[in-house]
Amino acid sequence: MSSRIELDVQQSLDGVLAWMTGRLHLLGVGPSHAHDCKVIVDEYVANLSTHGRVSKKSQIWSLEVVRDNDDLLLRFRDNGGAFDPTCHDVSVDEKGIADRPVGGLGLLLIKELSDTQVYRYRDGQNCLDVKIHLTREK
Amino acid sequence: MALEIEVTIADKQAVKVLLAGSLDSQTSPDLERELAHRVSEDTRTLAIDMSNLAFISSAGLRIIFKNLKTLKRQGGKLSVSGMSPSIRKVFEIVKVMPDLTVFADEAEMDEYLSAIQERYREA
Numbered sequence: 005m006s007s008r009i010e011l012d013v014q015q016s017l018d019g020v021l022a023w024m025t026g027r028l029h030l031l032g033v034g035p036s037h038a039h040d041c042k043v044i045v046d047e048y049v050a051n052l053s054t055h056g057r058v059s060k061k062s063q064i065w066s067l068e069v070v071r072d073n074d075d076l077l078l079r080f081r082d083n084g085g086a087f088d089p090t091c092h093d094v095s096v097d098e099k100g101i102a103d104r105p106v107g108g109l110g111l112l113l114i115k116e117l118s119d120t121q122v123y124r125y126r127d128g129q130n131c132l133d134v135k136i137h138l139t140r141e142k
Numbered sequence: 015m016a017l018e019i020e021v022t023i024a025d026k027q028a029v030k031v032l033l034a035g036s037l038d039s040q041t042s043p044d045l046e047r048e049l050a051h052r053v054s055e056d057t058r059t060l061a062i063d064m065s066n067l068a069f070i071s072s073a074g075l076r077i078i079f080k081n082l083k084t085l086k087r088q089g090g091k092l093s094v095s096g097m098s099p100s101i102r103k104v105f106e107i108v109k110v111m112p113d114l115t116v117f118a119d120e121a122e123m124d125e126y127l128s129a130i131q132e133r134y135r136e137a
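First to last, the protein sequences are chains R and X.
For the first sequence, my numbering gives the first residue as 5, with consecutive numbering after it.
For the second sequence, my numbering gives the first residue as 15, with consecutive numbering after it.
One or more hints might be untrue.
What the hints assert, rightly or not - Restricting the straight-line Cα-Cα distance to at most 25 Å, the calculated cross-link-like pairs of lysine to any residue (SDA-like) are:
| # | chain 1 | residue 1 | chain 2 | residue 2 |
| --- | --- | --- | --- | --- |
| 1 | X | K103 | R | V122 |
| 2 | R | K99 | X | K80 |
| 3 | X | K109 | X | E120 |
| 4 | X | K109 | R | G107 |
| 5 | X | K86 | X | D119 |
| 6 | X | K103 | R | V94 |
| 7 | X | K86 | X | V116 |
| 8 | X | K103 | R | R71 |
| 9 | X | K103 | X | D124 |
| 10 | R | K115 | R | G85 |
| 11 | X | K109 | R | S95 |
| 12 | X | K91 | X | F117 |
| 13 | X | K103 | X | E120 |
| 14 | X | K26 | X | R52 |
| 15 | X | K103 | R | I101 |
| 16 | X | K83 | R | P105 |
| 17 | R | K99 | X | V108 |
| 18 | X | K109 | R | Q121 |
| 19 | R | K99 | X | G89 |
| 20 | X | K83 | R | A102 |
| 21 | X | K91 | X | I19 |
| 22 | R | K115 | R | C91 |
| 23 | X | K80 | X | D44 |
| 24 | X | K103 | R | E98 |
| 25 | R | K135 | R | D18 |
| 26 | R | K99 | X | R102 |
| 27 | X | K80 | X | E48 |
| 28 | X | K91 | X | P112 |
| 29 | X | K103 | R | H92 |
Hint data in this document are derived by calculation from the structure and do not stem from the laboratory.
Start from the sequences and build out the full structure, keeping to the hints where you can.
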């Protein structure tokens, strides 16, 4: 099984999530971390659809899933408009739900379900590396 | 993974929905449409059973937030039951647990709904 998958942002996520589930199983990643990875992928693609669109050209993104001892690395690449998800304030205030906006939760979930997020824009591509320490429950 | 939505109670004041599968960026519009159709200005209780829900992302949370805000404005409540640990973790991250009425399982929620419906009938 390849460690990387590439697809158009318009394509259904079902295929990539099924691929990732198989890949994580092969890498010995448990169901709890696998669930977190699915959330992170769903949020990444939802952001790509919302913020990354620059023209009508085909928008391609890829995901590479690599395990390095106790670290799991999700490497996202896409050719959408430059968007740094790590530079936004994603804190949730303590107000009750009635006084809070309903949006902005996706970046918060990516941050809270992983341990580090590193972004750079290189050669016309957004590059986001998300690392999860598998031995630590967050 | 698809999302299955089953509405088992839909009267003037209470709506109960069973969710199964995945509530994500692709399936959340289905739930949004269903709840827009079911939740009215008279609704005081929206009960969502998640016993068979495998996955939720922020797109699904947004639909739940939106309905929770509507119900609060109307003096109502949103109840959930059967959250898996992974789904509960997502709800805890976005700090919405204090705003929800949480039941361990569907049976416990049904008991609560019966009591509520009885109270409405008496009123």
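Notebook entry, point to check: Does the alpha-carbon distance linking K83/X and A102/R stay inside the 25 Å limit?
Noted result: holds, 5 Å
Check: Quick one, are K91/X and P112/X close enough, alpha carbons at most 25 Å?
Finding: Answer holds: K91/X to P112/X is near 12 Å, not above 25 Å.
Notebook entry, point to check: Holds or violated: K135/R with D18/R, Cα cutoff 25 Å?
Noted result: Since the Cα atoms of K135/R and D18/R sit roughly 22 Å apart, the hinted pair holds (cutoff 25 Å).
Check: Taking only the CA atoms, is the gap from K26/X to R52/X under or equal to 25 Å?
Finding: holds, 9 Å
Check: Between K99/R and R102/X, is the straight-line Cα distance small enough, at 25 Å or below?
Finding: holds, 19 Å
Note to self: With the threshold set at 25 Å, check whether the alpha-carbon distance from K91/X to I19/X stays at or below it.
What the structure shows: holds, 20 Å
Next item on the list: For the pair supplied as a hint, K103/X and E98/R, confirm whether the alpha-carbon distance does not exceed 25 Å.
Entry: holds, 17 Å
Next item on the list: Sort out whether V108/X lies within 25 Å of K99/R, counting only the CA atoms.
Entry: The hint holds at about 11 Å.
Next item on the list: Would you check the hint for K103/X and I101/R, treating anything up to 25 Å between C-alpha atoms as holding?
Entry: Between K103/X and I101/R the Cα gap is close to 17 Å, so the pair holds against 25 Å.
Notebook entry, point to check: Is the straight-line distance between the alpha-carbon of K109/X and that of S95/R 25 Å or less?
Noted result: holds, 11 Å
Checklist line | Pair hint K80/X and E48/X, alpha-carbon separation not exceeding 25 Å | finding: Answer holds: K80/X to E48/X is near 13 Å, not above 25 Å.
Next item on the list: With a cut-off of 25 Å on the C-alpha distance, tell me whether K115/R and G85/R pass.
Entry: Status holds; Cα separation ~21 Å.
Going through the hint list in order, the structure satisfies each hint without exception.
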